[in-house]
Amino acid sequence: MTNARNLSIPGGLTGALLGLVAELALEEITGMEIVNGLLAVIGAGFGLVRIDQRIYEATVNLIKRVPVEPNSDYRDVLEQIDEMSLELPELRESFVKLIQAGIQAQKA
Amino acid sequence: MVGLNSLTKLFRKTIGPRIEALGIFPSRYYLNRTLEALDVDDIDEAVRLITLARTGQQQNSRWRLVCQQVIFRCRVLASIHEKQIERIKTELELFGKAQDMRERYLSLQKTEGKAREVLRNYERRLLDQLAGSSGASPPS
Chain B
1 MTNARNLSIP GGLTGALLGL VAELALEEIT GMEIVNGLLA VIGAGFGLVR
51 IDQRIYEATV NLIKRVPVEP NSDYRDVLEQ IDEMSLELPE LRESFVKLIQ
101 AGIQAQKA
Chain H
1 MVGLNSLTKL FRKTIGPRIE ALGIFPSRYY LNRTLEALDV DDIDEAVRLI
51 TLARTGQQQN SRWRLVCQQV IFRCRVLASI HEKQIERIKT ELELFGKAQD
101 MRERYLSLQK TEGKAREVLR NYERRLLDQL AGSSGASPPS
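As given, the protein sequences belong to chains B and H, one line each in that order.
Residue numbers are given in this note's numbering: position 64 of the first sequence equals residue 64, and the series is strictly consecutive.
Residue numbers are given in this note's numbering: position 102 of the second sequence equals residue 102, and the series is strictly consecutive.
Think of the hints as simulated: they come from the structure by calculation, not from any bench.
Computed from the model, here is a short list of chain H residues facing chain B with C-beta under 7 Å:
id, residue
1, Arg28
2, Leu31
3, Leu35
4, Arg64
5, Leu65
6, Gln68
7, Gln69
8, Phe72
9, Arg75
10, Val76
Note that CB positions come from ideal geometry on N, CA and C, so glycine has one too.
Hey, can you work out the whole structure from these sequences and the hints?
So, in C-alpha cells, the structure goes:
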C-alpha cells in the first residue's frame with residue numbers, strides 16, 4: 001500500500017517532460033549539447049574500464065574490414081588474413097579463436 | 001553552463017595533444033584512443049598513440065595485441081593501394097596513349113605508391129617496437 005503511494009506515473013512523466021524541456025532550452029540558449037557531452041564522457045569512461053571488450057570489438061571489426069573480391073570464397077579470405085597476420089602471434093591467436101567460435105555457433 | 005562534449009572537444013583540440021604527448025595518462029587511455037583512431041583509419045594518430053602507450057607504461061599483452069591490430073590494418077590498407085597501383089597500370093596501358101591521360105595516370109600511380117610506402121614505414125616501425133617488447137613483462 002505504501003509502495004503504491006510512493007510511485008506516481010504522472011509525476012514521472014512530468015519530471016521527464018521537464019527534463020527534456022530544460023535540456024532543449026539549455027541547448028537553444030548555450031548552443032551546447034549537454035546530453036551528448038555526458039554520453040560521450042560516460043562512453044569514454046566505459047571504454048577505459050572495459051578495454052578488453054573494446055579490443056575484442058576492434059578485432060572483429062578488423063576482420064570485417066578485410067576487402068573481399070566479388071569472386072573470392074572463404075578460403076581466399078582466410079589465406080589473405082593468414083598472410084597479413086604473419087609475425088603477429090597474439091592477433092593470429094585471436095583470429096583463430098573468433099573463427100572457432102563462429103564454427104561452434106554455426107554447429108549449434 | 002558549458003556542455004561537456006564541447007569541453008572535451010576543446011581539450012582535444014588545444015592542450016590535449018600536448019598533455020597526451022607527455023605519456024602521463026594510464027596505458028588504457030592510450031590504447032582506447034588508439035582503437036578510436038584505428039576505427040576511422042587515422043593510422044598516423046594510431047601509431048603516435050600506441051607508441052605513447054609503450055613509453056608511458058610497462059608493456060603488456062593488451063599493448064601487444066593493439067599494436068598488432070594497427071600493423072594488420074596497415075597491411076590491409078597497403079594491399080588496397082597495391083591493387084590500385086595494379087589497376088592504374090592496366091588502365092595506363094589501355095587508355096594512356098594521350099599525353100594528358102598518361103600524365104594523370106602516372107600522377108595517380110605516384111600518389112598511390114607514396115601512400116603504400118608511408119604505410120609500410122609505419123608497419124616497419126611498429127614491428128621494431130613489437131620485437132623490442134618480446135622480452136617484456138608477462139601478460140597482465
